[in-house]
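> Position chain B relative to chain A; hints supplied.
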Amino acid sequence: MTGALLSGCSKDEPEYYETDTVQSQPAAPAAQPTQPAMPAVNAAQQPAAGGPGFTFQLPEGWSQKPPSSMVIMALQAGSPPDQVADVSVSAFPGDVGGQLANLNRWRRQVGLGPVDPAAAPDFITDLDVSGIASWQVDLTGPEGMGQDGTAVRMIVTAVPNAGQTWFFKLMGPEASVGAQKDKYEAFLQTVKF
Amino acid sequence: MREKLKNLAKGLGSLRLTVVLLAFSVLLVFFGTLDQVRMGIRDAQKLYFESLIVIWRYPEFWHWGNFLKWIPVPLPGGYLLGPLLAVNLIAGHIRFWRPRWSILGISLIHIGVIMLLVGQLVTNIFQEENYMWLDEGDTSNFLRSFHEDELYLAKLNPDGTRGVYSVNYENLEKGETIQPPFPFQLRINEVFGNAEIKQVGPMQADLRLGVTQGLGVQMSLGVRGIPSFRSNDQRDIRTAVVEIVNNGQSLGTWLVSNVFEDRFPEQTFNVDGQAYAVGLRFKQTPLPFSVTLLDFTHDRYPGTNIPSNFASRVRVEYPAKNESKEVMVFMNNPLRFEGLTFYQASFAKQDTASMFQVVKNPGWLIPYIACIIVSVGLLYQFSIAGYKMVRRIKK
Numbered sequence: 001m002t003g004a005l006l007s008g009c010s011k012d013e014p015e016y017y018e019t020d021t022v023q024s025q026p027a028a029p030a031a032q033p034t035q036p037a038m039p040a041v042n043a044a045q046q047p048a049a050g051g052p053g054f055t056f057q058l059p060e061g062w063s064q065k066p067p068s069s070m071v072i073m074a075l076q077a078g079s080p081p082d083q084v085a086d087v088s089v090s091a092f093p094g095d096v097g098g099q100l101a102n103l104n105r106w107r108r109q110v111g112l113g114p115v116d117p118a119a120a121p122d123f124i125t126d127l128d129v130s131g132i133a134s135w136q137v138d139l140t141g142p143e144g145m146g147q148d149g150t151a152v153r154m155i156v157t158a159v160p161n162a163g164q165t166w167f168f169k170l171m172g173p174e175a176s177v178g179a180q181k182d183k184y185e186a187f188l189q190t191v192k193f
Numbered sequence: 001m002r003e004k005l006k007n008l009a010k011g012l013g014s015l016r017l018t019v020v021l022l023a024f025s026v027l028l029v030f031f032g033t034l035d036q037v038r039m040g041i042r043d044a045q046k047l048y049f050e051s052l053i054v055i056w057r058y059p060e061f062w063h064w065g066n067f068l069k070w071i072p073v074p075l076p077g078g079y080l081l082g083p084l085l086a087v088n089l090i091a092g093h094i095r096f097w098r099p100r101w102s103i104l105g106i107s108l109i110h111i112g113v114i115m116l117l118v119g120q121l122v123t124n125i126f127q128e129e130n131y132m133w134l135d136e137g138d139t140s141n142f143l144r145s146f147h148e149d150e151l152y153l154a155k156l157n158p159d160g161t162r163g164v165y166s167v168n169y170e171n172l173e174k175g176e177t178i179q180p181p182f183p184f185q186l187r188i189n190e191v192f193g194n195a196e197i198k199q200v201g202p203m204q205a206d207l208r209l210g211v212t213q214g215l216g217v218q219m220s221l222g223v224r225g226i227p228s229f230r231s232n233d234q235r236d237i238r239t240a241v242v243e244i245v246n247n248g249q250s251l252g253t254w255l256v257s258n259v260f261e262d263r264f265p266e267q268t269f270n271v272d273g274q275a276y277a278v279g280l281r282f283k284q285t286p287l288p289f290s291v292t293l294l295d296f297t298h299d300r301y302p303g304t305n306i307p308s309n310f311a312s313r314v315r316v317e318y319p320a321k322n323e324s325k326e327v328m329v330f331m332n333n334p335l336r337f338e339g340l341t342f343y344q345a346s347f348a349k350q351d352t353a354s355m356f357q358v359v360k361n362p363g364w365l366i367p368y369i370a371c372i373i374v375s376v377g378l379l380y381q382f383s384i385a386g387y388k389m390v391r392r393i394k395k
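Chains as they are written, first to last, in the numbering used here: chain A, 1 to 193; chain B, 1 to 395.
Keep in mind that the hints were calculated from the coordinates and are not lab data.
Fair warning: there could be bad hints in the mix.
Stated by the list, open to error - What follows is a set of in silico ranges between Cβ atoms, one per label pair, in the way DEER data are often shown: (1) Val245(B) <-> Gly131(A): 43 to 49 Å; (2) Ala118(A) <-> Arg300(B): 32 to 38 Å; (3) Glu50(B) <-> Ile132(A): 53 to 59 Å; (4) Glu338(B) <-> Gly131(A): 53 to 59 Å; (5) Ile369(B) <-> Gly97(A): 48 to 54 Å; (6) Pro160(A) <-> Tyr318(B): 29 to 35 Å; (7) Ala118(A) <-> Glu50(B): 49 to 55 Å; (8) Arg230(B) <-> Gly144(A): 30 to 36 Å; (9) Gly131(A) <-> Asn333(B): 57 to 63 Å; (10) Thr161(B) <-> Pro160(A): 27 to 33 Å; (11) Asn322(B) <-> Gly131(A): 54 to 60 Å; (12) Pro181(B) <-> Thr125(A): 27 to 33 Å; (13) Gly97(A) <-> Thr161(B): 51 to 57 Å.
To be verified - Simulated coverage check for chain B against chain A, where a stretch passes if three residues somewhere in it have a Cβ under 8 Å from a Cβ of chain A: (14) 131-145; (15) 160-172.
For glycine and all other residues, C-beta sits at the position ideal for the given N, C-alpha and C.
Bound-form chain A, shown alone (with noise of 0.2 Å):
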């Protein structure tokens, strides 16, 4: 009865349906376990040949550390027993699906809700890095959402350069960002294409 039951059912076969417009569902918060977290073997990985496609002057205080996946560079901004937060560069092709779609997405990580089109320039600055015209945003979420029940705050700055879209992204908890924000700034004004 069991094989028959069993060999009689197949959820298996490929289908084939009609969706009307797909609307937003994220597979997991981002602090959910749920979420496949690209392997932590990924964390010894060395960065693409050539270097990381621009020069710049690390910050006093500040130190490298071993890109991760899709990470082209990632720093640690100060050093204990100062506030930490951790510095990341990477580049994706195109323009990673726009300005709002960032924005958004960025917002979500740190525990806000999306907005709209229309209330989404009120949260972007321009801004010149390198000598091309770039984009930044600020945010800072709830309380709450940092390891230590601390708001999680994240300045990313957005260069469009060569056929790709570079982000650089300042992340931590609320104080450390606030912290190293101007030496953030500054590092920024030292990286050259």
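Positioned in the frame of chain A, the structure of chain B alone reads:
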């Protein structure tokens, strides 16, 4: 011949067999529980309870494990024990049953127990478990699978709708060619049950696996197969390399992986002016209705972080049936709609996101009916015994 059949029925319905089967059940649960630590609950369930025979081996890290691990111990699996117990119960019942009112309760109890066994089998085979994560204000019209992944091709229509062709990850075989209902074929060049994906330089070009299009090229990604995480918390990074072939000509080779979703834009391509997307993702099940999370509330016991209650207010809309309603979903009060049950399962993001476990189980009523039958049987049987005892005392 008749005598042989009689003997067989006698053996099948014997109490001795019942004891042996129950003893094996205890062993199965014991070893299954032990192995669950090593291989995770899902694999242990598959190996021990969803199989006919299990070969158990003495764990290497126990005393004398170095020697004893070589001795295989075969055990009957759940799919063998369950039906055998059912047959034993039925045969025993037929053998000993006499039409008497005084033992009607016992018959009912047996019927109830058989129904429980059948109900468990139906659940095992037909139950589907999925989930839906929603932020407050978000609407969704599909479910995601906890465990299954799918390779999909989607025809992107100009009006925003899409025609989706999906193949279960489990069915992918390296080297095979699949014919979707589109004017091209899909060749599976590589399949990885779990993979390490990282950016690689020219020295490791072989890890790029001949990918010529999409994210793999743009980000110089290399792939290496790694063993399963065997974890309940972390899903394996299923990855494949697929090639689109049109009239024998390759249109390009793509790297797809279930970690790309949510992180990167979908990988798209054009064939004869029509846009398509290709990817590998947590298996999705489309719904004919949509669910919107209006509000999530989470009460804690005063002065502690222990949740006393958490609840989601959702709106369910089914346009084809002109149906729209608001429902509260909280612990022990799931939403039952169109054969699906939405349980309040988790929450996150400072109480602004809620997860529902969504279960489809056509046999969900069987255990309830079985329990009612068993209860009625017990009540009946004890009432008869009580009545007899009272009468005896009076005499």
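> Look at each hint and say if it fits the structure.
Status of each hint after checking the structure:
no.: 1; hint: Val245(B) <-> Gly131(A): 43 to 49 Å; in the structure: 44 Å, holds
no.: 2; hint: Ala118(A) <-> Arg300(B): 32 to 38 Å; in the structure: 36 Å, holds
no.: 3; hint: Glu50(B) <-> Ile132(A): 53 to 59 Å; in the structure: 57 Å, holds
no.: 4; hint: Glu338(B) <-> Gly131(A): 53 to 59 Å; in the structure: 58 Å, holds
no.: 5; hint: Ile369(B) <-> Gly97(A): 48 to 54 Å; in the structure: 51 Å, holds
no.: 6; hint: Pro160(A) <-> Tyr318(B): 29 to 35 Å; in the structure: 43 Å, violated
no.: 7; hint: Ala118(A) <-> Glu50(B): 49 to 55 Å; in the structure: 53 Å, holds
no.: 8; hint: Arg230(B) <-> Gly144(A): 30 to 36 Å; in the structure: 32 Å, holds
no.: 9; hint: Gly131(A) <-> Asn333(B): 57 to 63 Å; in the structure: 60 Å, holds
no.: 10; hint: Thr161(B) <-> Pro160(A): 27 to 33 Å; in the structure: 31 Å, holds
no.: 11; hint: Asn322(B) <-> Gly131(A): 54 to 60 Å; in the structure: 58 Å, holds
no.: 12; hint: Pro181(B) <-> Thr125(A): 27 to 33 Å; in the structure: 48 Å, violated
no.: 13; hint: Gly97(A) <-> Thr161(B): 51 to 57 Å; in the structure: 20 Å, violated
no.: 14; hint: 131-145; in the structure: holds (count 12)
no.: 15; hint: 160-172; in the structure: holds (count 11)
The structure is inconsistent with the numbered hints 6, 12 and 13, although it conforms to all the rest.
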